[in-house]
Every structure is written in structure tokens, then in C-alpha cells.
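Enquirer: Numbering-wise (full-length UniProt numbering), the sequence shown opens with residue 1 and increments by one.
No wet-lab data here; the hints were simulated from the structure.
One or more hints might be untrue.
Stated by the list, open to error - Quick list of the computed label-pair ranges, beta carbon to beta carbon:
{"#": "1", "residue 1": "N63", "residue 2": "K3", "range": "15 to 21 Å"}
{"#": "2", "residue 1": "K11", "residue 2": "D61", "range": "32 to 38 Å"}
{"#": "3", "residue 1": "D61", "residue 2": "V37", "range": "31 to 37 Å"}
What the hints assert, rightly or not - Derived DSS-like pairs: lysine-lysine, alpha-carbon spacing no greater than 30 Å straight-line:
{"#": "4", "residue 1": "K36", "residue 2": "K3"}
{"#": "5", "residue 1": "K11", "residue 2": "K36"}
{"#": "6", "residue 1": "K33", "residue 2": "K3"}
{"#": "7", "residue 1": "K3", "residue 2": "K27"}
{"#": "8", "residue 1": "K11", "residue 2": "K27"}
{"#": "9", "residue 1": "K33", "residue 2": "K11"}
Cβ atoms here follow ideal geometry from the backbone N, Cα and C, with glycine treated the same way.
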Amino acid sequence: MVKLLSLEELKARGIPFSRQYIRTLIKRGEFPKPVKVGRSRNAWPETEIEAYMRSRVEQRDANA
Numbered sequence: 001m002v003k004l005l006s007l008e009e010l011k012a013r014g015i016p017f018s019r020q021y022i023r024t025l026i027k028r029g030e031f032p033k034p035v036k037v038g039r040s041r042n043a044w045p046e047t048e049i050e051a052y053m054r055s056r057v058e059q060r061d062a063n064a
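Using the sequences provided together with the hints, build the complete structure.
Expert: So, in C-alpha cells, the structure goes:
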């Protein structure tokens, strides 16, 4: 079963971005696209957010 994370849950996991900045990152292809879970609610698959966070750490380490 896929666990979906709300914007609030993203923030609780250390992703401090605003809704608008997340939209900008999505348009650039730099952040996972959300899943529509209601008329005006989006959520992100937990596995995709974990992969995003790992890639950020790997990117940091590669640039060190």
C-alpha cells in the first residue's frame, strides 16, 4: 500500500518549502509531482519523497 504525505507531513519530515515554491520545483522537474486526493488537495507518495531527499544528500556529497 502506498502512503501519501500531505504538505504538512512534508514539513514535518524536514521539507520547509512553501506550496508555491514546491510548484516551481515541480515545473522545473526538480520535485516529485503530487497525486490528487481531493478537489483541492494534493499528496506525495512517501517513497518518492524519500528518494528526493536521498538524491539531495547524494548531490551534496558529490559536490563536497
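Enquirer: Tell me, in ascending order, the numbers of any earlier hints that this structure violates.
Expert: Hint check: 1 and 2 fail, others pass.
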